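Protein chains in written order, with this note's numbering: chain V, 1 to 565; chain S, 1001 to 1307; chain G, 2001 to 2327.
Derived from the structure by calculation, the hints contain no laboratory data.
A hint or two may mislead.
List of simulated lysine-lysine pairs, DSS-like, C-alpha gap at most 30 Å [to be verified]:
1. V:Lys-431 / V:Lys-305
2. G:Lys-2221 / V:Lys-80
3. S:Lys-1195 / G:Lys-2230
4. G:Lys-2186 / V:Lys-88
5. V:Lys-7 / G:Lys-2186
6. V:Lys-62 / V:Lys-108
7. G:Lys-2236 / V:Lys-201
8. V:Lys-364 / S:Lys-1022
9. S:Lys-1195 / V:Lys-388
10. V:Lys-261 / V:Lys-21
11. V:Lys-193 / G:Lys-2221
12. V:Lys-62 / G:Lys-2186
13. G:Lys-2073 / V:Lys-120
14. V:Lys-21 / G:Lys-2221
15. S:Lys-1022 / V:Lys-431
16. V:Lys-120 / V:Lys-108
17. V:Lys-129 / V:Lys-201
18. S:Lys-1193 / V:Lys-409
19. V:Lys-129 / G:Lys-2186
The model shown is predicted, which means the values in this text are computed figures rather than measured ones.
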Amino acid sequence: MSFLEVKNLDIEYLTRKETIKASQNVSFNLDRGEILGIVGESGSGKSTVANAIINLIDKPGKIIGGSIKLDDIECSNNEKILQNIRGKKIGFIFQDPQTSLNPLFKIKDQLVETIQTHLKLNYKEAEKKSIDLLREVGIENPEKRINEYPHQFSGGMRQRVVIALAISCEPDLIIADEPTTSLDVSIQHQILKLLKNLTVKRNLAVMIITHDMGVIAETTNRVIVMRYGKIVEQGKTTEILSNPQSNECKSLVMSVPPTNKKINRFKLLNPEGGETSDTSLNLTNSIIKNWAVRELSHEKLLDFKNITKIFDEQSIIRSIKENNKLKALDNVSFEIFEGESFGLVGESGSGKSTIAKIITSLVKPTNGQVFFEDLSLHDPKNKIIKNKYRGQIQMIFQDPYSSLNPRFKVKDIIAEPIKFFQKGINQNSIKNNVNDLIDIVGMTRESLDRYPHEFSGGQRQRISIARALATRPRLLICDEPTSALDVSIQAQVLNLLKDLQDQLNLTILFISHDLPVVRQMCNRIAVLKNGQICEITETEKLFNTPTHDYTKELLNLMPKIESII
Amino acid sequence: MISKAITKVFDNDIGYSFLKSKIAIISTIVFFIILFCSIFAELVAPYNPFDPMNISLMDAFTPPVWVEGGTLNFFLGTDQQGRDMLSTMIYGARISLIVGFASIIFAMILGVFLGVTSGYLGGRYEIIVMRITDVQLTIPSILMALLVDGIARGFISKSLHNEMSIYVLILAIGISEWPQFARVTRAATLVEKNKEYISASRIIGLSNLVIMFKHILPNILRPVLVIATIGLALAIITESTLSFLGVGVPPTTPSLGTLIRFGNNFLFSGEWWITFFPAIFLVVLALSINLLGDWMRDTLNPKLKTR
Amino acid sequence: MTNYFFKRLIQSVIVMIVVAFVSFSLFNFVGDPVHNMVGQEASTEKRAEIREKLGLNDPVYTQFIRFIGNAAKGEFGISYQLRRPVSELISERLPATLELVFISALIAIISGVVLGVYTGINREGFLSNLILIISLFGVSLPTFVIGILFIYLFSVILGILPSFGRGEVVDLGFWRTGFLTLSGIKALILPSVTLSLFQMTYIIRLVRAEMMEILQTDYIKFAHARGIEKRTINFKHALKNGLIPVITITGINIGTLIAFSIITETVFQWPGMGFLFINAVHFVDIPIMSAYLIMVAFIFVMINFLVDIAYYFIDPRIRIKEELASK
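Please model the complete structure; the sequences and the hints are all you need to start from.
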């Protein structure tokens, strides 16, 4: 008999239009001392199952069948039993540490309250236990920090506080719902290490829900793969990752960017189950003719020279305090040559987005110059010439849900830049252009008359790419273009980008925090930390023989799936 | 094609919610009936109460038809000058609605413009606009309207008073309501401004004007609509309050508030209907608009999850 | 901390100066003060004499400074219509308005918060829906209609409460209070309930919306997941977060009450500042209007200042932000 036994769990959501089956016939076990991962893409039902175990499913969801047994006690749908179990036997960790803690209460109050709810300790004892807990989760100087408020902790520290709260009443089962998704990769590594230690030290049963295969590879003993509410495969992590049986699982594993070598294209699964690297690019001759694909010159295209950017807060009375200013970039320099794929890697706050904004003129640098083909981009005297060059630099963004205007039809979104740059172009030409573009990105002509909300994340990114290509740019900046996408969709979009680069001779600046992805996509890479460049080298050199300490650290922390296969 | 459009309107979430809420339907119907009657007052009202030929002091103080002494000619009775209550109310509603709509539209145009521009352009301009908004928001609309009204009175000579009254009133109520619109649109603009489709538009090189009014504005209309509806009810109530206090529309074109003021004098002497019916009419009008606004707010609010 | 207060203080002073300027402009540029004082028959020499006496020939900024000086002392000149010093009129009427507003504020805030929290926590339920329907009426009923209704019901039909005036007042020297006599209290009931109704419904809806939004946040969900009792969550966690906007609202509320007291005082013929002001608007009695403006602005500014101070102590995020900024 396992500690947690879930059998034939069925959960449904009743909306006015239809009944959505969030989980169907889900069964699995979990024992103390093991870490079970539940992985699946968005909409697979993994979070719903986790919430069901503590009976906190968002309405209008309901458990309509099956059993959940904790330590041989049946507790599905039983609010009375669960009220006692929550916190005491089961600890839950949510995804976003920013919003998980009540901003108005000190850490001490939140900890003591939780402890006193379940354990019979007086205030002093509870306080001491709280300090010990903070120390256990790795917070330095806990006696002092316990009197602080949540907003005084950084993201990673806050998640540690959340973990402390979850284990405060000595539970036996911990459920962590995407515990590291909002965190930087180095912090992610520390938090996962902490969870692993706690599992061993306290003999916990731990369930981690995630969409990140790297987390699964590094942390879990067993894994369940879910899709559309059903379990498609479960078993030991090493086995599933090295020898997936089901199609869904195969496609998942195949889409993960390898960390140890560079591949040409991501392999995708075709409907019959076989592997294919078939691209979705159908460039007809007419498109190539219209596009007037340029010859590659391999000359220097972009020169980013000694750029420093300092942000300061605004007020009517300009205060000259140094504290308010944020130095986003500090004397950053690099060059991009035509036809290459240049990668920019860094964690959040490193300044990579600022670089993108400076190149696209959304933000002006404080010092330094940016030259595009010998033209200074920020020189006010060059305004007229500058406008002509605007169309040659384009960008695609990270969030597919906010990068398209929800009130515009797809065809208008793509047509807008065309109309702006070719004033006086006739309707027919616009229509042909738009048709070509939607073909290039592999979507149907019918999509043109629809609105963005009718499409999935991956499809929206394709529309964004179509819009970016509308002005025939020479430099395409990709700012974390696939970070918000599921891993199999990511593979498709990255393949598309590679195809486009090959066929249209694009120069790409690829920005990401995800090292394996950058390895696949780029020839040269720059590593950025706190607004400063650490090193710039060819991709293979960077991964095989890194020189800077920070690069070495990042490579160390990178989850390597191949290592466990 | 019309049926296709209608099904499209009602097929989405909002339409569905509308149909499901009986209250929303009833209040909309009531509102439109009142609106219709007041627009076509000449056709709908049994008499034109402002035509001296129609009035006779002999008819004064006739009670409503179901009270002893009432006649079918004057269904809801007559006032102290012999005017038919039903007719004066319909004409009065027209004045109330005109002032209400005009002032809200004025407030909306001014407020939305300032809100969008200050939110998008930022800088000193935004800070100044926000300060003015904040300060004005602490002053209740009644006071603001009274102030503007009082000042205007000082500037306009007595003879022009009556003619200009309505415009002054519309200006006064409009000025008192614009900060609400400005605040909400600015907040919504700040949210939209950070979205990536706006960055994409800026990269293309579209001008600020185009971005503000072609891209951002259509996306922030929802909360504006809610505030406009509720603001309309508030404007009507403000106007009637000012008229009641004697500083609203001139007595020659009485609104519902003026009528209530007239009737107040006769409350103690027993002719209750002269005040009572205009009061009920006013409440029904305000209530129907508020119910509609309430429903809109609940439906259009993405933060509150549906059941 | 002092930095925070100092900034706010400066802002308040600036607002007061602006208001004083508007008030001053009213005085000097709207209509002709001399004309208003002596009427049409006075000779030109007489007018010139009065101009000189009033100092109207001095440059504008001198007059403005003089105006501020006078205002600080409480001198606003003489009412055109009533021919009495404005300061006298105000000191007579101020207690009446303040007492009315105080009681109404108490009623509105207490019942508003209690009912708002209740309907926010129990979203469904018969009582909740009933309260919400009544609150909807409250927002749609103009204050003067409520007043008239009350008068009709309680004075005309039932005859148990007075329909006008303050009843007997006890003279405490600088303050005439109606709290200490039975007839005074009776006279207070209808006007204060009338005045509080609009605000109460507004507060109910606001608090309810706040509570509902808070109850859906992640930290509340996390508290649930830690097994904390529902009651504790509702009244400790949610309430504390929900009360923050209520404090601002309370501040603005008192301002609105003062404004709406104009209406209530008119309906009930309550001898307060509002009644005075309305008559002044009717007769374009500038001295009273400008005095009222400054008085009311002063009260508003003071309340805002107090609200800012309260915020500082209640929301730790502001406290710490300010402390960091001043380092």
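* Out of the numbered hints, which ones does the structure contradict? -> 1, 3, 4, 5, 6, 7, 8, 10, 12, 13, 15 and 19
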